[in-house]
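So the protein lines, in turn, are chains A and B.
Per this note's numbering, residue 1 is the first one in the first sequence, and the count goes up by one each step.
Per this note's numbering, residue 1 is the first one in the second sequence, and the count goes up by one each step.
Hints listed in this document are in silico derivations from the structure and should not be mistaken for laboratory results.
Mixed in with the good hints there might be a few duds.
[Claimed, not checked] Each computed DSBU-like pair below joins lysine-lysine, with the alpha-carbon atoms no more than 35 angstroms apart:
| hint | chain 1 | residue 1 | chain 2 | residue 2 |
| --- | --- | --- | --- | --- |
| 1 | B | Lys15 | B | Lys170 |
| 2 | B | Lys411 | B | Lys505 |
| 3 | B | Lys210 | A | Lys16 |
| 4 | A | Lys16 | B | Lys170 |
| 5 | B | Lys210 | B | Lys12 |
| 6 | A | Lys83 | B | Lys406 |
| 7 | B | Lys191 | A | Lys3 |
| 8 | A | Lys3 | B | Lys6 |
| 9 | A | Lys83 | B | Lys527 |
| 10 | B | Lys12 | A | Lys21 |
| 11 | A | Lys5 | B | Lys191 |
| 12 | A | Lys16 | B | Lys17 |
| 13 | B | Lys457 | B | Lys406 |
| 14 | B | Lys12 | A | Lys5 |
| 15 | B | Lys170 | A | Lys5 |
| 16 | B | Lys457 | A | Lys3 |
| 17 | A | Lys21 | B | Lys17 |
| 18 | B | Lys12 | A | Lys16 |
| 19 | A | Lys5 | B | Lys527 |
| 20 | B | Lys15 | A | Lys5 |
| 21 | A | Lys21 | B | Lys191 |
| 22 | B | Lys350 | B | Lys170 |
| 23 | A | Lys21 | B | Lys15 |
| 24 | A | Lys21 | B | Lys457 |
| 25 | B | Lys22 | B | Lys170 |
| 26 | B | Lys6 | A | Lys5 |
| 27 | B | Lys17 | A | Lys3 |
| 28 | B | Lys527 | B | Lys505 |
| 29 | B | Lys191 | B | Lys360 |
| 30 | B | Lys191 | A | Lys83 |
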Amino acid sequence: MDKQKILNCLSTALEKDLSQKETLQQIENLPENQSMGEIGLDSISFIKFIVLLEEEFEFELNDSDLLFSNFETLENTYQTLSKYL
Amino acid sequence: MNTTIKYSEVLKQIKQKTADYKQDITVVCNVTLEPVYSDYLTFYDNSLVVEYMDITSYLSTQNTKDTVVVLLEHSGLNTYLYDNFYKLTKGQIDTECEKITQQLNTFITPLSKNHKQIYFFTFVNDYGDYTPKGQNDYQTVITQINQFITEQTEKYPNIHLIDTQKIITKIGADNFYDDRGIYLSNAPYSKLGCNALAYETVQTLNMLCKPQKKCLILDCDNVLWGGIVSEDGIENIRLSRQYIGKAYRDFQREVVKLYHQGVIICLCSKNDEHDVWQVFNNHPDMLLKKEHITASQINWNNKADNIKSIADTLGISTDSMVYIDDSSYEIGLINQVLPEVTTMWFNQEKPHNYARTLRKCHLFYKEQITSDDEKRNDFYKSQTKRELRKQSTTDMEMYHRSLQTKITIEKADLFAIPRIADMSQRTNQFNLSAKRYTQAEITAYTQNPNYDVLYLKAEDIFGDMGIVGACVVEYRDNKAIIEAFMISCRVFCRGFEDELLQHIKKNAKVRGCKGVCGVYTKTEKNKKYHNFYADNGVDNYE
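Just chain B, same shape as in the assembly (with noise of 0.2 angstroms):
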C-alpha cells in the first residue's frame, strides 16, 4: 500500500493510465464511499469500473455482475439497537441482534446466487465508546454479526470476507475515520481509510481472480544464506538462530511453507553445484532440504537458459514462476527475456525484509488447500524421474506401458469439488473452453441432472498423480455438449484426454443422445489443441 501518496497524485496518475480492459463491479454500501475511495480504487486497480448500491436499491434492481464487493457500517443496520444501546437488555439486544443477522440473510442468498464473487467487508467498532464494567459491551454485538457473516461464508463459496480490523491494526482507529465527512457526505472514512480499504479491495480481487503462480525459483548465496558459500565457505555463510543469520533461516521457513502448500521449489544459481548441495545437506541450520527442491540448475550458464530449461522439465509455463534473486543484473536479464516471469528482487543489504516479503507477495494465494496440492510437489519430482525414463525409452509406447498407469475416471464427488476447481483456475494450455469455474459452480452443476461432471485420476509406477483430468458435460436436446475439458499439464501425451473423451462418449450413447460436440473457445495457449476434438470425430458446438 502506498500511504505517502498524495491525494492529487492519485487523480494525475489514474487520468494518465487507462486500461486495455474493463471490469465492472459492484459495491454495496450504506456510507458514501465516493469520490476518495473510488479513486484509490482506480489508482490500485485502473480496470476497475464501480457503481455504487445501497442494500434496498441493490435488492430491487437485477444485478449480475461478477464481482460485488460489500462494505456496511454497523451503526446503519439498526439504529434503534445504535441509538439505545445502554437502555435495552441483554435479551432485547439478542432480539435486535437477531433482526440484523436476518436482514443480512434476505441480502446474502441473491447476493451468492447472482455473482461469481462476493467481498464481504468484516464489521467493526468505531472505537469511541468506553464501556463501564458490568455493562453490556457493543462489541459483543460487533461479534455476533461478524460471526454471522462467517458461517454464511461457510455455507457460500463465492463470499469472501475482507478484514477491515486488519486493516485498522495497520494505519490505526485515529487515522481510519474522519469524523468531518459523516457530517459532511455521510462518508465515514478518512483519506488515509479510504486508500486502505481500496488497496485491501484490489489486493483481495486479484488475489481470487488472477491466475496463481505455480513455481518458485530460488537463487543461493545471499538469498538462502548470507555470503558467497564457494569464497566464504560452509562455517562462515550467515545462516543460524541469531541475527542475522535467523533472517535467511526465517525466509527458508517461509519457503517451506509454500512447499506445503503445493508450490514447486527450483533453484537456479550460478554456483560450484557440489557447494550447495553440500550446504543443503550438511548446513545445522538450513530449514530447506533437498527434498523441498524438484529441480535445480546450478552451473555458470545464464539464468534465463536456465529457467527455461527448468520449464522444460517440469511441463510447466514460464508464466507461472516466480524468481528471487539479489543480483539486479540477474533480475534485469529475465525481465528482458522472460518478461512473463515475475521476478522478485531482494536487496542483499536488508535480509530482514526477506520473509516477510516473501509472505505478504499474495503470488501464491490459494483459496483452499486441497490434499492435491501437497502430492503436487512429490509428482513433479517423480516427473523428473519419467522424464529420465523418457530419454531412455525409444518407443514411447513401450514407455507408457513400462510406467503401468492405472486410470479412473468417476463422477465429481465432494471431495473430488474443489480439486476440479482448482483445477479449471490453474490449467490454461489443455483447457478448450478455457472456462474458470468456482466451487459453487461445479457443486451446482453435480446437482444437477442435466449435466455430468466427471474427473479422471491416474497413478502409475512413479506414484499417485491424483486428479489430473476434469470436464464439465450439458445434456441437452439429445446431444452431449461439452462444456469444459481440461487435462492437467503435468500429463500431456500420454493419451489421458482421449480416455476422458471415450467415456463421454460412451456415457452420451447410455443417455441416448444422438450426438457429441464440444465447446473450444481459442486462446493464446489453448491454440497447440484446436483441432482435438475435429480430430476425434466430435463437431464444434457454435
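If we strip away everything but chain A, and leave its shape as in the complex, we get (with noise of 0.2 angstroms):
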C-alpha cells in the first residue's frame, strides 16, 4: 500500500487556502489515530477524498465500506483500504 499517494488524495481533497505542500505538513503532523476533522475533513471533502481515491488506484469501494467512521483516522483509513490496495 502507497501511504504517500493516499496522502497526496487527503491533501489534494483538504485543499483550501494552504498550498499542497503546508496541507501534506498539516496531515503528516497529526497523529494517525486522530479525528481527521481536525484538519478539516468533512461531508465534502470526504467525497472529493473518496473520488481521488478510486482514482488514483482504480478500484471502487464496497458499499460497506464507505462510511465516514472508515475514514475518521488516518489508522482507520489504512485499515479500510487495506483489503483493496
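Reconstruct the complex from the two isolated chains, following the hints.
Spelled out as C-alpha cells, the structure:
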C-alpha cells in the first residue's frame, strides 16, 4: 500500500487556502489515531477524497466500507483500504 | 467538453487559476451537486462563485443574483406520484402532475422577476423503467412537466432552457447517473455526468452573456475547398457532392446559414483575386456565392493588415471578428498582432471536422433572429458602396444630402423590442451608459409610464438600415434622465445621434421637464464619446 499516494489524495481533497505542501505537512503532523475532522475533513472533502482515491488506484469501494467512520482517522483509513491495495 | 480529464487534474487546475473578476450565481436544486459539479463548473469558468439552495430556501430568502441555474430531479417534485405511479389512474396522474406544475409556477414567477437570466435544465426520465404495453408511461409525466416549463420560457424571455436530454445523449444514460452517490449523499450524477452538466451550464451562460461575434473572415484554399486553386486549377480542387469534397461543401452550407443569421461573411486570402472569383462564379458546387461576401481582401499583403482594413471598411471593431485559416503561421500572426480577433485553426488533413467545428463553436449564437439580422448583411454591403461614394465626395454635407436619408423616431413597440435589446448587447462604442438590456427589461420599461423607450430607424438611397439607434429615458423629479443612449456603429458620423437627442429634448419639454441629463459610464470603447452630452448641453447624471 502506497501510503504517500493516499496522503496526496487526502491533501488534494483538503486543500483550501493552504498550498499542497502545507496541507501535507498538516496531515503528517496529525497523530494517526486522531480525528481528521481537526484538519478539516468534512462531508464534502470526504466525497472528494473518495473520488480521488478511486481514480488514483482504479478500484471501487464496497458499499459497506463507504462510511465516514471508516475514514475517521488515518489509522482507520489505512485499515479500510488495506483489503483493496 | 473535456471528457478524459481526471478529477485530480481538475482540482489542481482550479487551484492554480484565479479569475480577475467574479460572477455570483445561485443554483437551485433538489439533489446534492457539491463538490464534483462545483469543481467542474470552476474548471470551465473560474469566475463563477456558486451558492446552492433548494426551492423552499430559495423562496424564503431575498435572492437578487443576476444569474440563477435550476437543476431539479423529477422524482423529488412529487414523491407520492413517483412511488405510486402504477397504482394511479390516468385522471389521478393528471391531478398529481397538475400539483407539480402549480408548485413550479409559484417558483417560476419570482424567478423571472428577481433575476436577469435563469437557466432551467429540462427534466429527464432516469431510464430504469420498462413500461408494459397498455400501462401508464412515466415518460408522459416528464413530457408534461417539460411542456409546462417550455411554455413558461415563451412567457418570460429571461428564462432559458438547457436540454438535459442532449447531455445524456452525448455521454450515455449509463454513464450519467451514479446510484451509489444517491444513497451516499443524494448526489445522483456520476463524475462524468457532473462534468457534462457543468460544461453545458458554462456554455449556455457564456453564449447568452458574452458579446457575440459579428463577422466571420475566411481563408479560401484548403478552407472553402481542398487544394490550392492557383496551382491545382479550378477543375482539380476538392469540392463536390461526394467524399471528400462534400466536407468542404457542407462547411460552406454552415457559413451560408450564418449569413442568414446576420453574420457578416468576408474573405481574406493570399491568392490571385481573379482565380478566387472564378471559383465563386463558375464552380458548380460552390454553395457560398459572391453575394454572400460583404468585403474581401484577396492579395499578397500580410493578413493582419488585411483584416484591419476589412474592419475599417465595415466600421466594426476587430474584437467582433472570427478568422479561420488552415495555416498555423497565419493564425499565429493574427494571434500576435490582433489578439482580440478570435481565430480558429482548421487542420487541412481533417476537413471532415470543418462543418461541425463551426456549428459547435457557439460564437455567433443568437437568442432570437430579428428581421434586422437578415438585413444587416445588405446593410454592410451598401456600406461598402457608401464608403466608395464618400471618398469621391469632398463635402461631407453634400454627400449626406445626396444620400437622401430619411429618419424616423418612434416609441418602442413589440416589433422593435427584440432589436433594441439586441442592440444594447452588441453596441459598444456609441453606448453611453454601457448598459445591457434583456428583452424582458425593455418590455418592462415600455409599460412603465415614467419611462420612454425610443428607437431611430433610417433609410437612404442605398437601402433600409432598420433600427440603428435607441434610448431609454426616465422622467423623475421634473427631469428627463437618459438612462441609455446608443447608436449602431454602422451609422456613426451621420448626425443620427443629434436627431435622437433633439427628439428627447423635445419630449422632455412637452412633459414639462426642467432639465435633461444623461448617464455616461466610461468604458475602453465608448471614451471617444465622453463629451457628447456636454457638447450638446446635457448634464452628466451622477
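Discussion item. Please verify whether B/Lys12 and A/Lys21 have alpha carbons no more than 35 angstroms apart.
Written reply: holds (13 angstroms)
Discussion item. What's the verdict on A/Lys16 and B/Lys17, does the C-alpha distance respect the 35 angstroms limit or exceed it?
Written reply: Answer holds: A/Lys16 to B/Lys17 is near 14 angstroms, not above 35 angstroms.
Worksheet entry | Pair hint outcome, B/Lys6 versus A/Lys5 [Cα-Cα no greater than 35 angstroms] | holds (15 angstroms)
Fill in: Straight-line alpha-carbon gap B/Lys22 to B/Lys170, limit 35 angstroms
holds (30 angstroms)
Fill in: Given hint A/Lys3 paired with B/Lys17 - CA-CA distance at most 35 angstroms
holds (29 angstroms)
Fill in: Pair hint A/Lys21 and B/Lys457, alpha-carbon separation not exceeding 35 angstroms
violated (63 angstroms)
Practice prompt. Below or equal to 35 angstroms on CA atoms is what counts here, so check B/Lys15 against B/Lys170.
Written response: Satisfied, since the Cα-Cα distance of roughly 28 angstroms is no more than 35 angstroms.
Worksheet entry | Pair hint outcome, B/Lys210 versus B/Lys12 [Cα-Cα no greater than 35 angstroms] | Holds. B/Lys210 to B/Lys12 sits at ~27 angstroms (cutoff 35 angstroms).
Item to complete: Sort out whether A/Lys5 lies within 35 angstroms of B/Lys15, counting only the CA atoms.
Response: holds (19 angstroms)
Worksheet entry | 35 angstroms Cα cutoff - pair B/Lys191, A/Lys83 | Cα-Cα ~24 angstroms, so holds.
Worksheet item: Between B/Lys457 and A/Lys3, does the CA-CA distance stay at or below 35 angstroms?
Response: Between B/Lys457 and A/Lys3 the Cα gap is close to 72 angstroms, so the pair fails against 35 angstroms, i.e. violated.
Discussion item. Holds or violated: B/Lys457 and B/Lys406, Cα atoms, limit 35 angstroms.
Written reply: The given pair, whose Cα atoms are some 8 angstroms apart, holds under the 35 angstroms limit.
Checked against the numbered hints given earlier, the structure breaks hints 6, 9, 16, 19 and 24 and satisfies all the rest.
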